Amino acid sequence: MPILGADMTAGTLIAWRVRPGAVVQRGDTIAEVETDKGLIDVEVFVGGVVEKILVEPGATVPTGTVLALIREEAGAAVPAAPPVAAGRPRISPLARRLAEDLGVDPASVTGTGPDGAITREDVERAAPAAPARGRLDLARMRQTIGAAMARSKREIPHYYLATTIDLARARAWLAEENTRRPVTERLLPGVLFVKAVALALREVPELNTVWRDGEAVPSAAVHVGVAVTLRQGGLVAPALHDADRASLGDLMRALRDLVQRARTGGLRSSELSDPTVTVTSLGDQGVETVVGIVYPPQVAIVGFGRIVERPWVVEGRVVPRPVVTATLSADHRVSDGHRGGRFLAAVDRLLQQPERL
Amino acid sequence: MTRDEIRATVLRVLGAIAPEADLAALRDDVDLREQLDLDSMDVLNFVVGLHAALGVEIPEADYPRFATLAGGVEYLTARRGADAPA
Numbered sequence: 001m002p003i004l005g006a007d008m009t010a011g012t013l014i015a016w017r018v019r020p021g022a023v024v025q026r027g028d029t030i031a032e033v034e035t036d037k038g039l040i041d042v043e044v045f046v047g048g049v050v051e052k053i054l055v056e057p058g059a060t061v062p063t064g065t066v067l068a069l070i071r072e073e074a075g076a077a078v079p080a081a082p083p084v085a086a087g088r089p090r091i092s093p094l095a096r097r098l099a100e101d102l103g104v105d106p107a108s109v110t111g112t113g114p115d116g117a118i119t120r121e122d123v124e125r126a127a128p129a130a131p132a133r134g135r136l137d138l139a140r141m142r143q144t145i146g147a148a149m150a151r152s153k154r155e156i157p158h159y160y161l162a163t164t165i166d167l168a169r170a171r172a173w174l175a176e177e178n179t180r181r182p183v184t185e186r187l188l189p190g191v192l193f194v195k196a197v198a199l200a201l202r203e204v205p206e207l208n209t210v211w212r213d214g215e216a217v218p219s220a221a222v223h224v225g226v227a228v229t230l231r232q233g234g235l236v237a238p239a240l241h242d243a244d245r246a247s248l249g250d251l252m253r254a255l256r257d258l259v260q261r262a263r264t265g266g267l268r269s270s271e272l273s274d275p276t277v278t279v280t281s282l283g284d285q286g287v288e289t290v291v292g293i294v295y296p297p298q299v300a301i302v303g304f305g306r307i308v309e310r311p312w313v314v315e316g317r318v319v320p321r322p323v324v325t326a327t328l329s330a331d332h333r334v335s336d337g338h339r340g341g342r343f344l345a346a347v348d349r350l351l352q353q354p355e356r357l
Numbered sequence: 001m002t003r004d005e006i007r008a009t010v011l012r013v014l015g016a017i018a019p020e021a022d023l024a025a026l027r028d029d030v031d032l033r034e035q036l037d038l039d040s041m042d043v044l045n046f047v048v049g050l051h052a053a054l055g056v057e058i059p060e061a062d063y064p065r066f067a068t069l070a071g072g073v074e075y076l077t078a079r080r081g082a083d084a085p086a
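Residue numbers (our numbering), protein chains in the order written: chain A, 1 to 357; chain B, 1 to 86.
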């Protein structure tokens, strides 16, 4: 059972996507687990053959529990077995999630879909009058967030910095760029922020670090966790992998996909375990300044507020400018204000040349 | 396509973005972002969804027209050349 958050202690195995004998490649999804962050697809980190499944669906086990044995086989090339567990009801992921939400046991539902598959409508018909799960899950998520933040405040000596960034160039470039892009490819300001943060971390790598077993472990890759508010309450911060190397278009597509899956289910385990830094933005809520709490084992969180028009002095004249307040909360065990200041200055500088992001 | 059909399409697209919302209770003249707690990603998905459903590409400069349900329906009705009043 993978550890998908600083204070995750257990997870419930919902379903296997493979069966013994299946050939899996690194990165394949092999199981679905329920955690306090919702339903998560568990990826496998070695290729090989699934030898034995050790945890049955429905079981709740502590993090670190071995779920299955995979025999590594160099050069295995046979195709994977069909990802359906024999003897279990055929049910689409959407219907399964709905069944979970409504407290319906798929085994008790008669499927009316193709080959007897259970459809969303079948689940809705079988649901009890009052859904019982949603509030409980949210309470659990709040509890987990609270535990992680309390641990952060208890263990991490935070320092906080803020700077105001002139976004006139970035906003003008974005408006022009978006007129050239089809509606499905348009960029949001947030994607410029993520890319600028990712590139600035290359210049101040001690902020792109995790704190493990009492020491700072720098990360070679920049995986930016993006705080996503869930519509029913709570939040998750899954990773945009290698954000420093992605083009703005690719990053925007990945961000849209990530937000969609965060809100509907289907995040992958690596997306929750891999972030090396977090970016949070509350500009849409009208907040001008957001000062974050570092999410362990990360050592930094970057906040962006609302883009607002403010009087700004340019070459001795006061002119209206769109500006944003960027903040850095960071772990004093790993960096200090001087380096944090260099980081925010790099973010500012990078946002002045949006065409180069 | 009539104004009513366009309105129904707009509500369907919004329903996909905010599945928990009671769309029947939406007020036509009140800010949609406030009523449905939409963020900028939701707004982008809204215009992408309208484009897919109606074939209307909405430039960013026109996003303010979608501040309310009534404004959005009026804009789309004009762009689609609909002829039947609600």
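If you are wondering where the hints come from, they were derived from the structure by calculation, not from laboratory data.
This structure is a prediction, so every number in the text was calculated from the model and none was measured.
Note that CB positions come from ideal geometry on N, CA and C, so glycine has one too.
One or more hints might be untrue.
[As the list claims (entries may be wrong)] So, partial list: chain A residues that the calculated Cβ filter (under 7 Å) puts toward chain B:
hint, residue
1, 284
2, 287
3, 353
[What the hints assert, rightly or not] Simulated restraints, written as ranges between beta carbons of each label pair:
hint, chain 1, residue 1, chain 2, residue 2, range
4, A, 69, B, 57, 47 to 55 Å
5, A, 27, B, 61, 23 to 31 Å
6, A, 216, B, 31, 27 to 35 Å
7, B, 4, A, 46, 21 to 29 Å
8, A, 337, B, 4, 26 to 34 Å
9, A, 245, B, 57, 43 to 51 Å
10, B, 62, A, 257, 38 to 46 Å
11, B, 20, A, 161, 34 to 42 Å
Okay, the hints, checked on the actual structure:
Annotation: interface hint on residue 284 (chain A) holds; nearest CB of chain B at approximately 4 Å, less than 7 Å. With a least beta-carbon distance of about 12 Å to chain B, the hint placing residue 287 (chain A) at the interface is violated under the 7 Å criterion. Because the closest C-beta pair between residue 353 (chain A) and chain B is about 22 Å apart, greater than 7 Å, the hint is violated. The given range of 47 to 55 Å is respected by residue 69 (chain A) and residue 57 (chain B), whose C-beta atoms sit roughly 52 Å from each other.
Our hint of 23 to 31 Å for residue 27 (chain A) and residue 61 (chain B) is violated, since their Cβ atoms are close to 41 Å apart. For the pair residue 216 (chain A) and residue 31 (chain B), the beta carbons lie near 46 Å from each other, so the given range of 27 to 35 Å is not met. Range check, residue 4 (chain B) to residue 46 (chain A): Cβ separation about 57 Å, and the 21 to 29 Å hint is violated. Checked against the given bound of 26 to 34 Å, the beta carbons of residue 337 (chain A) and residue 4 (chain B), roughly 60 Å apart, lie outside it.
The given range of 43 to 51 Å is broken by residue 245 (chain A) and residue 57 (chain B), whose C-beta atoms sit roughly 30 Å from each other. Judged by the Cβ atoms, the range 38 to 46 Å given for residue 62 (chain B) and residue 257 (chain A) is violated: they are separated by roughly 26 Å. The hint said 34 to 42 Å for the Cβ distance between residue 20 (chain B) and residue 161 (chain A), and at roughly 37 Å that hint holds.
Checked against the numbered hints given earlier, this structure breaks hints 2, 3, 5, 6, 7, 8, 9 and 10; the rest are met.
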